[in-house]
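*Asks:* Read off the chains here:
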Amino acid sequence: MSVPAIIKIIDLHKSFGNLEVLKGIDVTLGESELVFILGPSGSGKSTLLRCCNRLEQAQRGQILFDGTDILKPDTEINAIRQQIGMVFQSFNLYPHLSVLGNICLALRKVKKFSKKQAREIAFHQLERVGLVDKSDNFPSELSGGQQQRVAIARALALDPKVMLFDEPTSALDPELVGDVLGVMKDLKNSGMTMLVVSHEMRFARSAADRIIFMDGGNIVEEGPPEQMFDNPQHQRTRSFLQQVGY
Amino acid sequence: MDQIIDQFFNFKIMLEAWPIMWRGLMMTLLICAAVIPLGLIGGLLVALAGTSSTTWFRWLVIVYIDLFRAIPPLVLLILIYSGLPFAGIRLSPFTAVCLAFFLNNSAYFGEVYRAGIESIGEGQSEAARSTGLTQIQTMAYVVLPQAVRNVLPDLISNTIEVVKLTSLASVVALPELLYSSDMARSLTYNASPIVMAALLYLIILLPAVRALTRFEQKLAAQ
Chain L
1 MSVPAIIKII
11 DLHKSFGNLE
21 VLKGIDVTLG
31 ESELVFILGP
41 SGSGKSTLLR
51 CCNRLEQAQR
61 GQILFDGTDI
71 LKPDTEINAI
81 RQQIGMVFQS
91 FNLYPHLSVL
101 GNICLALRKV
111 KKFSKKQARE
121 IAFHQLERVG
131 LVDKSDNFPS
141 ELSGGQQQRV
151 AIARALALDP
161 KVMLFDEPTS
171 ALDPELVGDV
181 LGVMKDLKNS
191 GMTMLVVSHE
201 MRFARSAADR
211 IIFMDGGNIV
221 EEGPPEQMFD
231 NPQHQRTRSF
241 LQQVGY
Chain Y
1 MDQIIDQFFN
11 FKIMLEAWPI
21 MWRGLMMTLL
31 ICAAVIPLGL
41 IGGLLVALAG
51 TSSTTWFRWL
61 VIVYIDLFRA
71 IPPLVLLILI
81 YSGLPFAGIR
91 LSPFTAVCLA
101 FFLNNSAYFG
111 EVYRAGIESI
121 GEGQSEAARS
131 TGLTQIQTMA
141 YVVLPQAVRN
151 VLPDLISNTI
161 EVVKLTSLAS
171 VVALPELLYS
181 SDMARSLTYN
191 ASPIVMAALL
201 YLIILLPAVR
211 ALTRFEQKLA
221 AQ
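Same order as they appear, the protein sequences are chains L and Y.
Per this note's numbering, the first sequence runs over residues 1 to 246.
Per this note's numbering, the second sequence runs over residues 1 to 222.
Heads up, some of the hints might be wrong.
Unchecked claim - DEER-style ranges, computed between Cβ atoms:
| # | chain 1 | residue 1 | chain 2 | residue 2 | range |
| --- | --- | --- | --- | --- | --- |
| 1 | Y | D66 | L | G191 | 55 to 61 Å |
| 2 | L | E175 | Y | F57 | 46 to 52 Å |
| 3 | L | G216 | Y | L152 | 43 to 49 Å |
| 4 | Y | K164 | L | K161 | 54 to 60 Å |
| 5 | Y | L152 | L | S15 | 37 to 43 Å |
In case anyone wonders, no lab produced these hints; they're calculated from the structure.
Don't be surprised by glycine CBs; every beta carbon is placed ideally from N, CA and C.
One chain only, chain Y, in its complex shape (with noise of 0.2 Å):
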């Protein structure tokens, strides 16, 4: 028993470990308040893309939205990083962290997007048009309002599991919580950091989780 605090909730250690892992801890708050914007803008782009009357437009939408959907974020995320030198183009690690989640976030987030779009009835533009409001102003200020209340436990839930691959991050050297509580376990030789970060993911994680559950009741209720 004592072994096992000592190898994984060891206290002084985790003091000792904590100015990396507060380091790190920031990093990955950087990362998400980098590409949760990104796949949340690029997401309602590839939506409203998706809307155009332009048949092969549409279907390049479609192709882009199943590619980026399809290919595991960690296969993309190396891709980018290891793959495009060979190419020429180089990318510092939290800009290939950036460029993989967009595509990944924004093929997943526009999904969500379209299944909004598509729950509101056709006659609510068309009272809109009727006004004289343009496509655009009809897509503003009518369509997208009820279409994004109508899925935000989705774009909570999907926000939530961007959060979580950030650790991603980690296999590109990008010093954020995962890859910093490694190297804290490979500094002291002791577990007790991985579980610290474990733990850190939980505190940011855990209401929101509980929050979003909540949220789907009330929504439920109504």
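Bound-form chain L, shown alone (with noise of 0.2 Å):
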């Protein structure tokens, strides 16, 4: 990989109790690239993105991002967690805030900045999803992929330099999707580095620069799409992809 590593994944091992759900993963998502990673319900693919920030910690190796440890104990995780975004597949908006105090909470607690300063960053963000007229608004007068665009919205205000999206639109009806991806897309061709867990093949397809295929706590095989659709070299990645019918 010529381009340099914001992530770094070396040897990750995460159990749950006795059940062992990451066996040594290595991963390294390089500035500016799309990974997809792809797999059956169970084999790690969440838990896996969900260590990436430290929501869930793993036992064993080690995840570098810009080169910190982020799974020493000593590490400034909140300091961390600003400058990695995460969306989740429930959305997860705050309910008692309107769309403008979603996106500002952190903006004022954690960077301080200004009710001023906030509210305009909101805007430029809510502008970027395309839900400027929506600032007013309580999450439950959204629909599914306006939430989700809110979501998103809220995670690039702190300008992270990685997004992390588990399963962003599986919670959506299908004709919400578009939109979702969509702003998904926007942010790739503006250069952000982005790990995404989805069942979304097309999607995958046309914008993701390498795919990770997971089974059962392990890395199977990874490659550019062409190849990982065409061309999959493991019997379990072509099964998975039958069943998927793709």
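From these two lone chains plus the hints, build me the complex, please.
*Replies:* Have a look at this one:
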């Protein structure tokens, strides 16, 4: 990889009790790369993503973010998390705050911006996801697709170096998926580094730089989308793609 | 009939007793002003202590909550006011009432807050933490505002209970509404002051109970 690595995962192990869900994972995410993680449910892909900002604590291995090992207990994890945006399957917007309030909370409390500055940033990000006119609405007044776009704006407002997407379209009605993927595509074009767990195969094929296929806590194979979709090397990759109808 | 009116609804006696009753009412309100905030804040602290990641500490909190929810508040009050002097700790009636109510209410309110905090999904704190908010900030700005809203009817209903329970302070001779009315009864040899006290409690609490019911109906409709 010629581009400098932003996230480098080395020999990552994670267990829930006796169940080992990550069995030594190595992934390098280069600057401006969009890497897609595919795999059946229970393959450990979401856990891997959640280890990247320490929502899950891995037991062994390293995750280097800009050279800092985020798994070390003395790492200032809250400082790191500002630089790693995360988007969740079920949006997780704060229902008691308006759209603007959702975006401004971390800007005010973490980044210590003034109210005015925070609002400016929030409006800029809402513009990016096409929802400026919804700034005073509450999450419950928005469609799922709009909520997810607000969640993306909330993460982007902190000006992160990497964005993690954990099945961002799985909870959406099919007709709303396109809007969210459109925002992700724009993000990719603007040079954002992205790690995406998703089942959107068509999107993976058109937008991803690299695809990682996971099964049973291991990386089975990885490569550019053309190779992974047209000429997968492993039987498990082939049968997975067949099962999802691709 | 006349006898009943004369004994229970004697307007002349009520008027005569009014200065004492008024002072009693003021004392009841003063007790409320002290013990309700104490309970609400104490309960919040108890609930937050219950979210600790240290196991033995969490157990300690559970023991505290169970203990002070199980012990009858009247027993607790007499234990503090009349029992503690045997250990050389002598508290004024007002302080004793405040302490007993604090122990009892913080356990009850603590349970209410706990239920509220548990009603908020893990995804909310994960989203907050993922943006760099600390655990305390996440609690203060994301979890608690939603948790309190979810258990507001229970908090109000508990508060109404506390107002009623302030009448327990009469047993340590704190001249609140019930104590004052009983004093007036013995002075006038007439039950009207007691009826008057009951009416005053109703005047305070009936609107509160009604408002709570309407509030709950409104919530249910949402």
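*Asks:* Now look at each hint and say whether the structure bears it out.
*Replies:* Hint-by-hint comparison with the structure:
Between D66 (chain Y) and G191 (chain L) the Cβ separation comes to about 57 Å, which falls inside the hinted range of 55 to 61 Å. For E175 (chain L) and F57 (chain Y), the hinted distance range of 46 to 52 Å is satisfied, since their beta carbons lie about 50 Å from each other. The hinted window of 43 to 49 Å between G216 (chain L) and L152 (chain Y) holds, with their beta carbons roughly 47 Å apart. Take K164 (chain Y) and K161 (chain L): their Cβ atoms lie about 58 Å apart, and the range 54 to 60 Å holds.
The hint said 37 to 43 Å for the Cβ distance between L152 (chain Y) and S15 (chain L), and at roughly 41 Å that hint holds.
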